[in-house]
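> Taken in order, these protein sequences are the chains called P and B.
Mapping the first sequence onto the working numbering, position 538 (from 1) lands on 539, and the numbers just tick up by one.
Mapping the second sequence onto the working numbering, position 181 (from 1) lands on 830, and the numbers just tick up by one.
Derived by calculation from the structure, the hints in this document are not laboratory data.
Positions of the beta carbon are idealized from the N, C-alpha and C atoms, including for glycine.
Some hints could be false.
Said to hold, decoys possible - The calculated lysine-lysine pairs, modelled on DSS-like cross-linking and capped at a C-alpha distance of 30 Å, are:
# : chain 1 : residue 1 : chain 2 : residue 2
1 : P       : K404      : B       : K679
2 : P       : K404      : B       : K683
3 : P       : K150      : P       : K117
4 : P       : K404      : B       : K841
5 : P       : K404      : B       : K916
6 : P       : K433      : B       : K661
Unchecked claim - Listed below are several chain B residues computed to face chain P (Cβ distance under 10 Å; list not exhaustive):
# : residue
7 : K661
8 : L724
9 : I757
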Amino acid sequence: MNVMIRVAGEAGQGVATTGLLLVEAFANLGLHVAATQSYMSRIRGGLNWYDIRIGEGPMYAGADQADLLVAFTSAAREILAGEVRAGGQVLFNGEASNGVIAVDLDGAAQETGGNKLYSNTIAAGAVMELLGYDVAAMEALLGEKFKKKGPETVAANQACARKGAELARPHGGKIQAPKPDGGARREVYAGAGAIGLSAAVSGVKFAASYPMTPGTATFTFLASVADRYGIVVEQAEDEIAAANMICGAVYAGVPAMATTSGGGFALMAEALSLAGMLELPICVLIAQRPGPATGLPTRTAQQDLLFALHAGHGEFPRAIFAPGTVRQCYDVTRRALETAHKFQTPVLILTDQFLQDFEQTIEPLSEDYAPIDRCLAENPGADYARYAVTESGISPRAVPGGKALVIVDSDEHTPQGHLSEDLDSHTAQQDKRMRKLGGMTAEAMPPELYGPADADMLLICWGSTYGPAREAVDLLSARGQSAAMLHFAQVWPIGRTAAATAIGQPKRIICVEGNQTGQFAQVLRAEGLIGDVERLGKYDGLPMTGTWIAERIAK
Amino acid sequence: MTTSTLLKDLAKADTQPAWCPGCGNYMLLKTLDKALDAAGLDRTRLVLVSGIGQAAKLPHYTRANVFNGLHGRALPAATAIKLVNHNLEVIITSGDGDMYGEGGNHFIHAVRRNIGVKCFVHNNQVYGLTKGQASPTSELGMITKFQTHGVMSLPFNPLALAIVEGASFVARSFTGAPEHLQAMMTAAIEHKGGFALLDILQPCPSFNHLNTFKWYKDRVKPIADTHDPADRAAALNLAFTWGDEIPIGIYYKSGRASFESQLDVLKAGTLVMRYQGATSPSAPSS
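From just these sequences and the hints, can you work out the full model?
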């Protein structure tokens, strides 16, 4: 059993503040929580909403219909009323009308707390009451949150939460929300933060970015932990600078990362090629949003897979990862950094607005510093050659400052790293670089199967579609249909044998992706892993849900 | 695979340096080596960073760690190298097209940061590697195969911009005055306060027939001893002096703190040294 609360209003009204309070309060009660955010590209006005699901077990995606809609504005009520489940409730900040619970949030905030700004706390208190949760849990959270602001602020917030609960009391008992089982509080993480934490823990010591939604959240996280982990975080003048900075940083000897979205990544394409040529283990997070061009800046998409795969002139090896859950954001980021360093080549991590903002209650993530092995050469001497030709294609990597001179050049070069126009030397180096792809393929992460191996219907997905596809499999299975999901958290290179075995020979294969042209299906087809299969794409800017997928493929 | 037998000896044609006879780069390279040796700089602690162009090839012709990156992108890479290991001496060798054209935005922001790298710009007022197009510092009216009616954009003023945006060391020299050039390079290397710009005028005998060796020689004039490099207004005045007389010497020097010296995170040591609790076998010794 699970329920969904949707908090909606204009930008600047505190929709996110209310949502965050509720997420934390529910997690503190030991409940399972999954939350998504929808917002417009503006600082004021518009319509934003924050969806919070509460369940008895883990949830992996958002949902379509709300059990409780909290509408801060008439527009929020009118636009989202159709997405309230039968028997659900609407808490409206305004005049009473057919069936809505009208609460003057602003008035109550002014009266109880002395400031309209407390309307978020009034709403949060009311939601606790409507779901049958003790408002004391919200009061305790507010006590923690506003401790630094002094006892008066704490008291005003707590009084407003109680007032909200009191105003909602006559309407309580209608929604059957999961009951806390008295277990310990759960930890909540968002995808963006899980990537940032993993990078910090794994030893990223330098991060450079130009602000771009929805990649910014990860960079903001890195900035927030920079002092703790000893990271230089620099806002570059543009994405070109950011990408060239991380090339310089890894050359000098530390793991480095840039965060961006598709448009910013487009500016990084030349530096990506540079990292391929210089054999630098850079890592770029591409948090996707719908294009082309500026597109829909605050919405979600999986439209940049083929771009990530083909960006950069010339031919060089790369690995592309695409985590599907908040936990995978943490694990896969480390894996990406390790792959980059083992094979001395760029890696890309693809997420999107949905996964960057997606919050889940999960087992606590380790915050202990555990730097990855940079795979540096042991005791390189004066005769060191940065690009020594080896069977694996991996040359011993040294960093400047030791006995060895480290010479790297974006022109084709000799094993010593010096510019050379000798064509034999070029071919030897090009072959050496590309040989690394063999090792990378042998070590590629196998896809994860969810559901029976012999299911009739196989949903193939990658990246953030994990959650919606997994929930779709549960919905289809509950209806007696034989379905499974195969999820790729590494989308390039692909270990063909493992993938072919995992795909098997189901009656139906449906590639489910957040784009119009079936980009991953194209990759799998080019690799000879699938034929002309069914495709299900969503590219309207909003995330998929389990119901959305299940309804479209159940036929 | 290997290439055809016809071309198997192409390596023999891969001669160095790839510069024209009479190019100012020869004197510049020789003088740089002298200045580095005079400074007693251990070459393993030196990183030469460059972009693309004839000037950017210089690091290959001497002994140093080398990061020869993309066209116009030397500064972002150099900035990060300095931030990861501030014990390294980071010197950029770049041309006027590489630094002031393709890399113009990075130039503005590296100066604003006052990052502690030395930026040596070989300024011959023309594109060399692409064969004679106008550069950002080409004179008004200069006719080229691209600018068939003459250059119409005002020449970029790197010294004035660097002074205005906060570089802590701004100087100019000329490859035809090797002793002066070496003194300027030494002063830049010894400057510990942050970003050092040394704009080096040099003739391009192949593609710039306007600003020849003689043209520069007749005009360059050492800045008078009475000039106070801490005087920003006087420095700007010098930066706007171009024509019959071109001042060479230290235009401006400020006590502004370098970018890296202000980062708390670097106070405990370099990032590269602090990566692991125990240093790995190949980690630098500084």
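> Could you run down the list of hints and mark each one as holding or not?
Results of checking the hints against the structure:
1. P:K404 / B:K679: holds, 24 Å
2. P:K404 / B:K683: OK: K404 (chain P) and K683 (chain B) at ~22 Å, within 30 Å.
3. P:K150 / P:K117: It holds: about 18 Å lies between the C-alpha atoms, which stays within 30 Å.
4. P:K404 / B:K841: holds, 24 Å
5. P:K404 / B:K916: holds, 25 Å
6. P:K433 / B:K661: holds, 23 Å
7. K661: holds, 9 Å
8. L724: holds, 8 Å
9. I757: holds, 7 Å
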